[in-house]
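There are 2 protein chains.
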Amino acid sequence: MGKYAIGVDFGTESGRAVLVDVADGRELVTSVYRYANGVIDEKLPGTDVRLEPDWALQDPNDYVETFKQTIPAILAESGVDLADVIGIGIDFTACTMLPTTADGTPLCFLPEWRENPHAWVKLWKHHAAQPEADKINEVARQMSQAWLERYGGKISSEWFFSKVLQILDEAPEVYDASDRLIEAADWVVWQLCGEEKRNACTAGYKAIWSKADGFPAREYFAALDPRLADVVDAKMSRQVYALGERAGGLTAQAAGWTGLREGTAVAIANVDAHVTVPAATVVEPGRMVMIMGTSICHMVLGEEPKVVEGMCGVVEDGIIPGLFGFEAGQSGVGDIFAWFVDHGVPPEYHVLARERGIDLHRLLEEEAAKLKPGESGLLALDWWNGNRSVLVDVDLTGVLLGMTLATTAPQIYRALIEATAFGTRVIVEAFESGGVAVEELVAAGGLPEKNKLLMQIYADVTGREIKVVASAQAPALGSAMHGAVAAGRRAGGYDTIAEAAQKMAHLKEETFRPVAGHNAVYDQLYAEYVRLYDYFGRGQNDVMKTLKRIKAESWGAGS
Amino acid sequence: MGKYAIGVDFGTESGRAVLVDVADGRELVTSVYRYANGVIDEKLPGTDVRLEPDWALQDPNDYVETFKQTIPAILAESGVDLADVIGIGIDFTACTMLPTTADGTPLCFLPEWRENPHAWVKLWKHHAAQPEADKINEVARQMSQAWLERYGGKISSEWFFSKVLQILDEAPEVYDASDRLIEAADWVVWQLCGEEKRNACTAGYKAIWSKADGFPAREYFAALDPRLADVVDAKMSRQVYALGERAGGLTAQAAGWTGLREGTAVAIANVDAHVTVPAATVVEPGRMVMIMGTSICHMVLGEEPKVVEGMCGVVEDGIIPGLFGFEAGQSGVGDIFAWFVDHGVPPEYHVLARERGIDLHRLLEEEAAKLKPGESGLLALDWWNGNRSVLVDVDLTGVLLGMTLATTAPQIYRALIEATAFGTRVIVEAFESGGVAVEELVAAGGLPEKNKLLMQIYADVTGREIKVVASAQAPALGSAMHGAVAAGRRAGGYDTIAEAAQKMAHLKEETFRPVAGHNAVYDQLYAEYVRLYDYFGRGQNDVMKTLKRIKAESWGAGS
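These protein sequences, in sequence, are chains A and B. The numbers in numbering that gives the first Met the number 0 rise by one with no breaks, and the one at position 279 of the first sequence is 278. The numbers in numbering that gives the first Met the number 0 rise by one with no breaks, and the one at position 441 of the second sequence is 440.
Chain A with its partners taken away, still in its complex shape (with noise of 0.2 Å):
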């Protein structure tokens, strides 16, 4: 008889509940909560109270919603005995953050606080705290502080203490009220297990935590604002679990949500891209994956610290305990193809893709496929969203070069998927020279389900096989394994995430390999693509900001 976890991931618009064979990882029955409030990003909700822009919020509501929607959903359908179920974990975006009460109630819930924006989730891609962000690096830079360097030289306006001192900035009577500041993917946890245990993820890649340091200095924090003074002994805590802990048993309540015995074990919170990587098999140095959609995170392990350029984070433990996990990233990928689909396709191809009754991107794919590497002579920058890695720079801005007359629509489209693939050995090689081996690549996320030639362009231009992750939820996967972890072996799960990936997690037999003669090809346009790469990303050439600081006086010279 079997045994069963539960994996929660906790999206942007929805949330997705899976039940796994604890086993062999098969994915028995899945349940999608679409998020009754979705992205509140023009006004709150039941109120008039409107947004401004750059703003991005949620409800919790949602959150528990989809608890008591998802969970009863996949134990009815797949019928597994309650006692078979031995584990749940989640998984969550990040930094989404809240502001609650000394129990866990969040600030919005409350109806003195209701029509106040700074009381509800600040979601990942809320990007109103730019302010506070370049004051955190400002700071920082003045201070010297060492921790800078693990994040690249650079702390996100998406990440934990610039939403914090947002709040503070503009509301500071929510910030008075709020007695805990927590991520969102803690918050779920604790609903679950009635405790609040934080997790060694967030705090490290979002939290500016580090297992060796903790957090920055309280003189730090004061620099920043002296009401932030005591920020984390006052609001959060320095007590940080390690992924896969068992963060405790279900509640009571939360068994009457969810129909789950009280007392099952409910593991330490993770974030979705995260724990993607032992859901990609990978929990061993050498081996990067590879989170491809809208834009690539960029995940591989190793045994030591090491500087790497521009990289996101490095945290130990921070994606498989006993390891450094390092994070980079392009901020513009498959954005980059979508932008270029809805504005630089001409009619002849929308109407070739309706009548064969596909989707425009896969026609572009099929006519970039009849292509041989270099045939086109363009050569891109995939900056349409600036450079995340290894340039952290959100200033730069797109190239195309090499236009003629005879220059068509799909020879553009696979120029694009050409310099995104050039992006991704920037990094892949920052990695290696930065003493931190990838051997391996491993593809998770939507593009390499949709985009084959994508997946072998990557391939040929990085030189490495590819692998793909078997699971098309990963995530969820990934949160039921580190369920499994938290009920342990002798509960019929595993004592490690190592052993849990080992049994789990699975690679699809399709690998992409380099094809003899491309690479060859794809090396010299790749020296081409750095010689560009250094000239407008390194100061040699700034026209990229200078059109944006001309565009900016242009707005604000009036019509």
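Please note: incorrect hints may appear among the correct ones.
Copies of the same chain are indistinguishable here, so a pair counts whether it falls within one copy or spans any two.
To be verified - Below, a list of computed lysine-lysine pairs in the PhoX-like style, where the Cα atoms sit at most 20 Å apart:
#1 Lys550 x Lys371
#2 Lys369 x Lys451
#3 Lys134 x Lys67
#4 Lys544 x Lys371
Please keep in mind that the hints were generated in silico from the structure rather than gathered at the bench.
Dock chain B against chain A, hints included.
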């Protein structure tokens, strides 16, 4: 009672005759004949002989037919007294040349040569003589030929001796059988007046002739090919006539074709672009004429010979007798916009243009006109078709820079217009720094009629007022003006082209003046354009050539 002159403009697809009032330049009647054999680029008419890529031929019978069809038509429609038609002038595309017998019979009219492509007219855009042009340039450099700098350091594959040498290389029997090698412009004048009289414009701009030095020396031709040593004396002529001179009187045969009176004055031939200059009222230094269409020709007059970087040519008496005529050019302008409209505009704009019943260019112009200078954050290098002036490099390619996920098609359309305006400003500045004044711009051609935004941007970017030629068929008007000068004052015409221009040439009331404020923004953008221009165009980064090499190798590599 009025006097009239006829201008006949031989274009690429058709010939056009216009009857013009000599007193004031009023265009009374126009007739167009579409060449029966058009541009011959696939198969020789009436044969199974296929042409190689890059070939472009014409049938000289179409030129004769133009006279036969159009002139009787305009005479009939206007009802003017034949005695009042005092002269006829013609202009032609160039270099468009053909081999003939001693009496002017085109070789392709003779049955024994009809199936040999080299016996036909080589049209200006016949591009199959690049190896010969390369040799012409290489030998000229080796022999330090002083004339090379009059042509921006490079003789084009389109020009006279490139085409002659191709005949010699590939069909020496045609070369041997050719008693005369002649510009089509001069050939049609020969057909009208029975005399072979060659014009200074094509001799100077296309056949390396100058008033001071004549043609290149015999030794130079011998070095190209010993069989070519005596080409000038054997198959051409050292007698070159000034523009506006009387070539002769209409023969009885030509009078029969046209319905005009025998002996009617025929002017020395001219070139379409160059004859537009006096038709644009320009007969003195300081005012640059821009003939704006798929490409731009820039023409300006000077008192002295000057070396200007990358100009197409400087010819004494080449445009207006008594002055040096300078020509420069941009190889891609309207055809870049056409490429974009065909290859880069998504369906929504096509649909909108259709709904509104307007051309897509017009719609994009409207949308682009809503943007302020610098507002899009985009910058382009307008090298889709290489760069003629000032870099003289066909291997350069286009660049678009500054794209974000919010970039739209009208923004790109505007950036492409701006890039071509920056390209013109580079040429203007090259002339001025070479000592050739450019105080005002006068626009002719199709674009000024079609795109007022473009005209305004050119004014803003160059910081100069732009006037526009009144006539929509300026070359034919210019030819008629030369017909009036060939007739002379005593016959009711004029003694000089300057006098003719004063009476017969007109500008529109509407002009384009730089908008205060725009020029300052464009100065900043232009500085960035020039920096990229120099970086990619002057050897600092030869990525465009590298990409072309890789592209060529990829074609060679098989599939």
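Hint by hint, here is what the structure shows:
1. Lys550 x Lys371: The answer is between: 9 Å across copies meets 20 Å, while 38 Å in one copy does not.
2. Lys369 x Lys451: within (13 Å within a copy, 41 Å between copies)
3. Lys134 x Lys67: neither (41 Å within a copy, 81 Å between copies)
4. Lys544 x Lys371: Between. Shortest inter-copy distance 18 Å satisfies the 20 Å Cα cut-off; intra-copy 34 Å does not.
The structure fails to meet hint 3 from the earlier list, while all remaining hints are met.
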